Amino acid sequence: GESVGLHLPTLSVQEGDNSIINCAYSNSASDYFIWYKQESGKGPQFIIDIRSNMDKRQGQRVTVLLNKTVKHLSLQIAATQPGDSAVYFCAENNSNSGYALNFGKGTSLLVTP
Amino acid sequence: GAVVSQHPSRVICKSGTSVKIECRSLDFQATTMFWYRQFPKKSLMLMATSNEGSKATYEQGVEKDKFLINHASLTLSTLTVTSAHPEDSSFYICSANDRRVNTDTQYFGPGTRLTVL
Chain A
1 GESVGLHLPT
11 LSVQEGDNSI
21 INCAYSNSAS
31 DYFIWYKQES
41 GKGPQFIIDI
51 RSNMDKRQGQ
61 RVTVLLNKTV
71 KHLSLQIAAT
81 QPGDSAVYFC
91 AENNSNSGYA
101 LNFGKGTSLL
111 VTP
Chain B
1 GAVVSQHPSR
11 VICKSGTSVK
21 IECRSLDFQA
31 TTMFWYRQFP
41 KKSLMLMATS
51 NEGSKATYEQ
61 GVEKDKFLIN
71 HASLTLSTLT
81 VTSAHPEDSS
91 FYICSANDRR
101 VNTDTQYFGP
111 GTRLTVL
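Taken in sequence, the protein lines are chains A and B.
For the first sequence, position 80 (counting from the first letter as 1) is numbered 80 according to my numbering, and the numbering increases by one without interruption.
For the second sequence, position 51 (counting from the first letter as 1) is numbered 51 according to my numbering, and the numbering increases by one without interruption.
Please note that a few of the clues may not be correct.
Here are the simulated DSS-like cross-link-like pairs (lysine-lysine), alpha carbons at most 25 Å apart as the crow flies [to be verified]:
1. B/Lys64 / B/Lys20
2. B/Lys42 / A/Lys105
3. A/Lys42 / B/Lys20
4. B/Lys42 / B/Lys64
5. B/Lys66 / B/Lys42
6. B/Lys64 / B/Lys14
7. B/Lys41 / A/Lys105
8. A/Lys42 / B/Lys14
9. A/Lys105 / A/Lys56
10. B/Lys42 / B/Lys20
11. A/Lys68 / A/Lys105
12. A/Lys56 / A/Lys68
13. B/Lys66 / B/Lys20
14. A/Lys71 / A/Lys105
15. B/Lys66 / B/Lys55
16. A/Lys71 / A/Lys56
17. A/Lys42 / B/Lys41
18. B/Lys55 / B/Lys20
19. B/Lys42 / A/Lys71
20. B/Lys14 / B/Lys66
21. A/Lys42 / B/Lys42
Calculated directly from the structure, the hints in this document are not laboratory data.
Quick caveat: nothing in here was measured; it's all calculated off a predicted structure.
The following block holds chain A by itself, in its conformation from the complex (with noise of 0.2 Å):
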């Protein structure tokens, strides 16, 4: 069926480092992609969107990137700081699934000193 998974179940960076978290997804009919931070116990929090039109967009320290050709998903998280750990997800909808979110399995980020 369509999903949406990431590569990396947990991944470990140094601080300062630059993090990236990968996404696939299967649905071609994706048009819009969101990529969420979650801590533990809390929401998730929005962190960049990027619609299917575009294949690049920069936020404050992040960047998303997009390959439809491969549906292809990725965060790059630059300068990264203790306070980035968390659980990243990928969400992706389009209008068939009438708005609703598909997300994927989760990426734990763990940033060591």
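Given the coordinates of chain A, work out where chain B should sit on it, guided by the hints.
Same frame as chain A, now just chain B:
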């Protein structure tokens, strides 16, 4: 902007009782609200979608008579877990968006931890 609150943040109840969870959009009007359930170290699982003033649409496998959803206004949706059992213990999260402004971006509440004894 785009703040969503949930109440309560944590609730413990006895088996067989009903629990109501509120989801409010504080600074925008939510034409659509979504309810998710999340087990430890797992992803979010969509339970239902509710549009203001109409009946909720439930995902396959979610019992609508057990998880009652009401979306009576543009700022409030409630989820009532009826006759709760220990297997209903979970983290329940709502999200909201204003489809008149943006059909896609959902803003999430902080979640409600339900423990059924």
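query = Checking against the hints above, which ones are violated?
reply = none
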